[in-house]
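If you read the protein sequences in the order shown, they are chains S and Y. In terms of full-length UniProt numbering, the first sequence has 19 at position 19, counting the first letter as 1, and numbering is strictly consecutive. In terms of full-length UniProt numbering, the second sequence has 121 at position 121, counting the first letter as 1, and numbering is strictly consecutive.
Hints are not guaranteed to be accurate.
Said to hold, decoys possible - Derived BS3-like pairs: lysine-lysine, alpha-carbon spacing no greater than 30 Å straight-line:
hint : chain 1 : residue 1 : chain 2 : residue 2
1    : Y       : K13       : Y       : K98
2    : S       : K167      : Y       : K98
3    : S       : K55       : Y       : K38
4    : S       : K90       : Y       : K98
5    : Y       : K38       : S       : K90
Said to hold, decoys possible - Which chain Y residues stay away from chain S? Per the calculated CB distances, all over 12 Å, these:
hint : residue
6    : K63
7    : D68
8    : G79
9    : L115
10   : G128
These aren't lab readings, by the way, just hints derived from the structure by calculation. Glycine included, every Cβ here is placed at the ideal spot set by N, Cα and C.
Each chain, written out:
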Amino acid sequence: MSENPAEEIRAQLDSVYRAESGRILATLIRLLGDFDLAEDAMQDAFTAALDRWLKEGIPENPRAWLVSTGRFKAIDALRRRARFDASQEKIAEEIEAQSSSGPAEDESVPDDRLRLIFTCCHPALAPEARVALTLREVCGLTTEEIARAFLTTPPTLAQRIVRAKSKIREARIPYQVPSPAELAERLGAVLHVIYLVFNEGYSASSGATLTRPDLSREAIRLGRLLQELLPEPEVMGLLALMLLQESRRASRTSPTGELILLESQNRSLWDRERIEEGVALVERALRSRRFGPYTLQAAIAAVHAEAPAAAATDWPQIVALYGALARIEPSPVIELNRAVAVAMRDGPEAGLILVDALLARGELADYHLAHSARADLCRRLGRVEEARTSYEKALALTVQEPERRFLENRLRELG
Amino acid sequence: MKYVCLGYIEPQKFETMSPSEQQSMLDECFSYDDELRKNGHFAGGEALQGSEAAVTLRWKDGKAVVTDGPYAETKEQLGGILILEARDLNHAIQLMSKHPGVKAGPFEIRPAADLGEMVRQSEQRRSGQGR
Numbered sequence: 001m002s003e004n005p006a007e008e009i010r011a012q013l014d015s016v017y018r019a020e021s022g023r024i025l026a027t028l029i030r031l032l033g034d035f036d037l038a039e040d041a042m043q044d045a046f047t048a049a050l051d052r053w054l055k056e057g058i059p060e061n062p063r064a065w066l067v068s069t070g071r072f073k074a075i076d077a078l079r080r081r082a083r084f085d086a087s088q089e090k091i092a093e094e095i096e097a098q099s100s101s102g103p104a105e106d107e108s109v110p111d112d113r114l115r116l117i118f119t120c121c122h123p124a125l126a127p128e129a130r131v132a133l134t135l136r137e138v139c140g141l142t143t144e145e146i147a148r149a150f151l152t153t154p155p156t157l158a159q160r161i162v163r164a165k166s167k168i169r170e171a172r173i174p175y176q177v178p179s180p181a182e183l184a185e186r187l188g189a190v191l192h193v194i195y196l197v198f199n200e201g202y203s204a205s206s207g208a209t210l211t212r213p214d215l216s217r218e219a220i221r222l223g224r225l226l227q228e229l230l231p232e233p234e235v236m237g238l239l240a241l242m243l244l245q246e247s248r249r250a251s252r253t254s255p256t257g258e259l260i261l262l263e264s265q266n267r268s269l270w271d272r273e274r275i276e277e278g279v280a281l282v283e284r285a286l287r288s289r290r291f292g293p294y295t296l297q298a299a300i301a302a303v304h305a306e307a308p309a310a311a312a313t314d315w316p317q318i319v320a321l322y323g324a325l326a327r328i329e330p331s332p333v334i335e336l337n338r339a340v341a342v343a344m345r346d347g348p349e350a351g352l353i354l355v356d357a358l359l360a361r362g363e364l365a366d367y368h369l370a371h372s373a374r375a376d377l378c379r380r381l382g383r384v385e386e387a388r389t390s391y392e393k394a395l396a397l398t399v400q401e402p403e404r405r406f407l408e409n410r411l412r413e414l415g
Numbered sequence: 001m002k003y004v005c006l007g008y009i010e011p012q013k014f015e016t017m018s019p020s021e022q023q024s025m026l027d028e029c030f031s032y033d034d035e036l037r038k039n040g041h042f043a044g045g046e047a048l049q050g051s052e053a054a055v056t057l058r059w060k061d062g063k064a065v066v067t068d069g070p071y072a073e074t075k076e077q078l079g080g081i082l083i084l085e086a087r088d089l090n091h092a093i094q095l096m097s098k099h100p101g102v103k104a105g106p107f108e109i110r111p112a113a114d115l116g117e118m119v120r121q122s123e124q125r126r127s128g129q130g131r
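Only chain S is shown next, with the shape it has when bound in the complex (with noise of 0.2 Å):
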């Protein structure tokens, strides 16, 4: 126990703050029907809270308690701003009217958090500003702190934010969960939102990047809320390949921060934990049969951790698995990947003539990983020459220092 009960509550009130915030803006969003005047509300009843459970003690239900006082806030400061601008009175009898018909206790509806992620993910909005909002509305992150993992200052974001939240009033975008007609696509677009946050947290790993690992690990709290709340296939899915990728974080650099690929990390590194918890979603999500890309990306994930040498991987499942996704997502990389797979099922012989043809039809040719992996079967064929005119190409392209790196020590083993 601290010496000092104020500030205690102020610990309280940060766990609290961080636990809790989501919901409860949430919910004071959809009683007070507006973005700003919510959040103003949350922040005036968290101060207040401090002062008051410091004489009064913690109520017994600390969020309801940060509702019922966030809105009477918002109706006493609309009613103190209708001495100034008389409209403001008739939102304040709104507001008052529906809450004597309201539910009483605890005001949470459980779908709240759900209309308030559909909503930041609305596809009327710029995509940089889902992404932002996203972390700032849902998880409660500062402008600050977004700006510092996107590496952007905050004026920049805190416009895209204001920007954002101005859209969704004069669109009047509905604070709702969509229909089931629409909720495949809607849905499509949240998942998407979720996977930006965590790869920009996993894929960056050059210069002063300590703060991105709590992308990562804020995706993750974002993907098993989304699997709380709707527990569909894909959500299933996506949550599934972030822990499964995630698993391999200790091992993918060495100390010094050079890449490390799969086939040669430490397998002893990854987090069992992670992989066991990823393998039991997409297992789940495979037996939906709805199941779509992010389940197939993590069941080949999946394919790989449970490996227990890179020598004992199931070529012919992943091969299988990158055809099946092919099929639903056809994308040039995808099919790179897939004759990888092949290269490794077949031999490199039978994956070169599959990414000569990729390169030839032109649309990797600019792809730095279609020229570094077209290298590597040479490589291993033999063709020094034609390998290091690949590498060469594969360099040029990159621009990710440990990336480079890599390819520049490949080049040097080719003598």
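Go by the hints and put chain Y onto chain S.
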């Protein structure tokens, strides 16, 4: 987190307002200040007299020299500062966009810099010199 809000005004614009317009403008501003105070967002602030009452101190030829003014040529003058307690930059923007003062002139919102570490290092240097 503290944000310093620099409020700019156009003195000519205020002077051409009728007395009742001036009063209602002030009432609105003070009333909103009270609201900020009540919810713990008002961490301090001062209104400023006009720049004709100001002097500027400047280091010149080895000593501090006083001049009148700044006599800025621009129509907008710094009219007051308000120190805001807000959760983040967007919260500060939200609070200040409802401030009636924004109708009279722009607010510049700047996060307060945390010099805690610099002060600590400086104290170390100075106590080291003292010994």
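Against the structure, the hints:
no. : hint           : in the structure
1   : Y:K13 / Y:K98  : 20 Å, holds
2   : S:K167 / Y:K98 : 18 Å, holds
3   : S:K55 / Y:K38  : 17 Å, holds
4   : S:K90 / Y:K98  : 18 Å, holds
5   : Y:K38 / S:K90  : 23 Å, holds
6   : K63            : 39 Å, holds
7   : D68            : 34 Å, holds
8   : G79            : 20 Å, holds
9   : L115           : 17 Å, holds
10  : G128           : 30 Å, holds
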